[in-house]
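Undergrad: Sequence:
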Amino acid sequence: MTMTYGARNKIKGKVIDVKSDAIMSQVKFETASGEMSSVLTTESVEDMNLRVGDTVELVIKAIHVLPVKHT
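At the far end of the sequence shown sits residue 291, using the numbering used here, and the numbering has no gaps.
Think of the hints as simulated: they come from the structure by calculation, not from any bench.
Take these hints with a grain of salt, some might be off.
[As the list claims (entries may be wrong)] Computed list of lysine-lysine pairs in DSS-like fashion (alpha-carbon distance at most 30 Å, straight line):
{"no.": "1", "residue 1": "Lys239", "residue 2": "Lys281"}
{"no.": "2", "residue 1": "Lys234", "residue 2": "Lys248"}
{"no.": "3", "residue 1": "Lys232", "residue 2": "Lys281"}
{"no.": "4", "residue 1": "Lys230", "residue 2": "Lys289"}
{"no.": "5", "residue 1": "Lys230", "residue 2": "Lys248"}
{"no.": "6", "residue 1": "Lys248", "residue 2": "Lys289"}
[Unchecked claim] Simulated restraints on C-beta separations:
{"no.": "7", "residue 1": "Ala282", "residue 2": "Ala242", "range": "26 to 32 Å"}
{"no.": "8", "residue 1": "Glu266", "residue 2": "Arg228", "range": "25 to 31 Å"}
{"no.": "9", "residue 1": "His290", "residue 2": "Ala242", "range": "24 to 30 Å"}
{"no.": "10", "residue 1": "Ile283", "residue 2": "Ile243", "range": "18 to 24 Å"}
{"no.": "11", "residue 1": "Arg228", "residue 2": "Thr262", "range": "15 to 21 Å"}
{"no.": "12", "residue 1": "Glu277", "residue 2": "Gln246", "range": "14 to 20 Å"}
Where is the CB? At the ideal position from N, CA and C, for every residue including glycine.
With the sequences and hints as input, model every part of the structure.
TA: Structure, rendered in structure tokens:
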């Protein structure tokens, strides 16, 4: 399945930490500008198979950061 998104601000990030519980997860990223984090559902983290060390594209919108993992 391909996800579509309308945000224009995108930067590369590397996953440096993933903390999950049954419902929600916090994922931390290292970027050229410093650390960023995103809170998303644990189901989304599992669907993307996000792991420490993964390189992702961070799609930044006014109210949140959306990680996109390209395979």
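Undergrad: Taking the earlier hints as the rules, which of them does this structure contradict?
TA: 11
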